[in-house]
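The primary structure of each chain is shown beneath.
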Amino acid sequence: KAGVTQTPRYLIKTRGQQVTLSCSPISGHRSVSWYQQTPGQGLQFLFEYFSETQRNKGNFPGRFSGRQFSNSRSEMNVSTLELGDSALYLCASSLSRGDEKLFFGSGTQLSVL
Amino acid sequence: AQKITQTQPGMFVQEKEAVTLDCTYDTSDQSYGLFWYKQPSSGEMIFLIYQGSYDEQNATEGRYSLNFQKARKSANLVISASQLGDSAMYFCAMRVFNAGNNRKLIWGLGTSLAVNP
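Keeping their order, the protein sequence lines are chains A and B.
For what it's worth, this note's numbering labels the leading residue of the first sequence as 5, then goes sequentially.
For what it's worth, this note's numbering labels the leading residue of the second sequence as 60, then goes sequentially.
In short, the hints are calculated from the structure, not lab data.
Beta carbons: idealized from backbone N, C-alpha and C, even for Gly.
Certain hints may be false.
[Said to hold, decoys possible] With the Cβ distance kept under 7 Å, some of the chain B side facing chain A (calculated, not the full set):
no.	residue
1	F71
2	F106
3	L168
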């Protein structure tokens, strides 16, 4: 069974640009959540999607958005990139919203220059 | 405030020995869950073990066990018989529910474990 797949693995962007990251959950998993990981702040929750609807949101500005498609694949978008957005972005999937066990992808390493 | 504290930024252990990674948590919720994840250099976060707040027995998963002391609000991870492949970052996390009854994971800053041959 394939794991959680995140693309691309690495991204380099400049300030002011926008970026879209993709996440394909494990087959059959319907809940997808996104996290930002930085050395100073650790992992911080961005948002969670289930059945194509955002169910939960962390404390990030509106520049961070996401969506989920009918096949449970999810994308997150960051507009007007800032230097502080440089981070590892991790996607996690689970069977359902109540499932405690999350399966993570290897992440997308975003560098903003 | 809901918080996870991992006080050991780095740890060393000899191969085949046991090691304990510390985790303390703070929450006023009665229902919560505690997790440990491993993050090797590849970046993927790997689930290791879970303990629910109402579970009376300490959770075990192979060489991993969680030493859950509710009164002390601690959830230490014990790795027995360390292997070279255990070298990685280890994160403690706590699942709580926010005001909208949505699940939320709060993470510690991690402990870097190095296993020496």
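Here is how each hint holds up against the structure:
| no. | hint | result |
| --- | --- | --- |
| 1 | F71 | violated, 20 Å |
| 2 | F106 | holds, 6 Å |
| 3 | L168 | holds, 5 Å |
The structure fails hint 1 only (numbered hints given earlier).
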